[in-house]
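Please model the entire structure based on the sequences and the hints provided.
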Amino acid sequence: MVDMAKLKEEALQRKRQHEEKELRKQVSRSKRPARRASASRTSTARGGARNPSAQRALAARRPQPKKRKRSVSRWVLDILLVLGALIVVVIMFNPFR
1 MVDMAKLKEE
11 ALQRKRQHEE
21 KELRKQVSRS
31 KRPARRASAS
41 RTSTARGGAR
51 NPSAQRALAA
61 RRPQPKKRKR
71 SVSRWVLDIL
81 LVLGALIVVV
91 IMFNPFR
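At position 47 of the sequence shown (counting the first as 1) the number is 47 in UniProt numbering, and the numbers step up by one without a gap.
Mixed in with the good hints, there may be bad ones.
Claimed, not checked - BS3-like, lysine-lysine: derived pairs with alpha carbons at most 27 Å apart: (1) Lys-66 to Lys-21; (2) Lys-21 to Lys-6; (3) Lys-21 to Lys-31; (4) Lys-25 to Lys-8; (5) Lys-21 to Lys-8; (6) Lys-31 to Lys-66; (7) Lys-66 to Lys-25; (8) Lys-25 to Lys-15; (9) Lys-67 to Lys-25; (10) Lys-15 to Lys-31.
What the hints assert, rightly or not - Here are the in silico distance ranges between beta carbons for each label pair: (11) Gln-17 to Trp-75: 37 to 43 Å; (12) Met-4 to Gln-26: 29 to 35 Å; (13) Glu-22 to Lys-66: 23 to 29 Å; (14) Lys-8 to Ser-30: 30 to 36 Å; (15) Asn-51 to Ser-30: 29 to 35 Å; (16) Ser-71 to Gln-13: 35 to 41 Å.
Honestly, the hints are just simulated from the structure, not real lab data. Just so you know, even glycine gets a beta-carbon here, dropped at the ideal spot from N, CA and C.
What follows is the structure, given as structure tokens:
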């Protein structure tokens, strides 16, 4: 049979690592807004808001968020909508009526 003490020790170690990771996340979250707020205040105080070309250059440097892939359900819904529209058009302009 597997050594239960060893399994218990490994579980406790994983738990400690997870807790440390969560603590690091919280600490980094609490630090970030303070830096951003002071940086944004200094940039507006220096006249960054008055220079639109600098703002455009800054926006161009920022990486654009990735476009999410469309889910299968969204594809199915779009296909059904197109087919429904085609059926309506065929019914409206039916030459054999």
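Status of each hint after checking the structure:
no.	hint	in the structure
1	Lys-66 to Lys-21	holds (26 Å)
2	Lys-21 to Lys-6	holds (23 Å)
3	Lys-21 to Lys-31	holds (16 Å)
4	Lys-25 to Lys-8	holds (26 Å)
5	Lys-21 to Lys-8	holds (20 Å)
6	Lys-31 to Lys-66	holds (26 Å)
7	Lys-66 to Lys-25	holds (23 Å)
8	Lys-25 to Lys-15	holds (15 Å)
9	Lys-67 to Lys-25	holds (26 Å)
10	Lys-15 to Lys-31	holds (25 Å)
11	Gln-17 to Trp-75: 37 to 43 Å	holds (40 Å)
12	Met-4 to Gln-26: 29 to 35 Å	holds (33 Å)
13	Glu-22 to Lys-66: 23 to 29 Å	holds (26 Å)
14	Lys-8 to Ser-30: 30 to 36 Å	holds (33 Å)
15	Asn-51 to Ser-30: 29 to 35 Å	holds (32 Å)
16	Ser-71 to Gln-13: 35 to 41 Å	holds (38 Å)
Consistency with the previously given hints is maintained throughout, with no hint failing.
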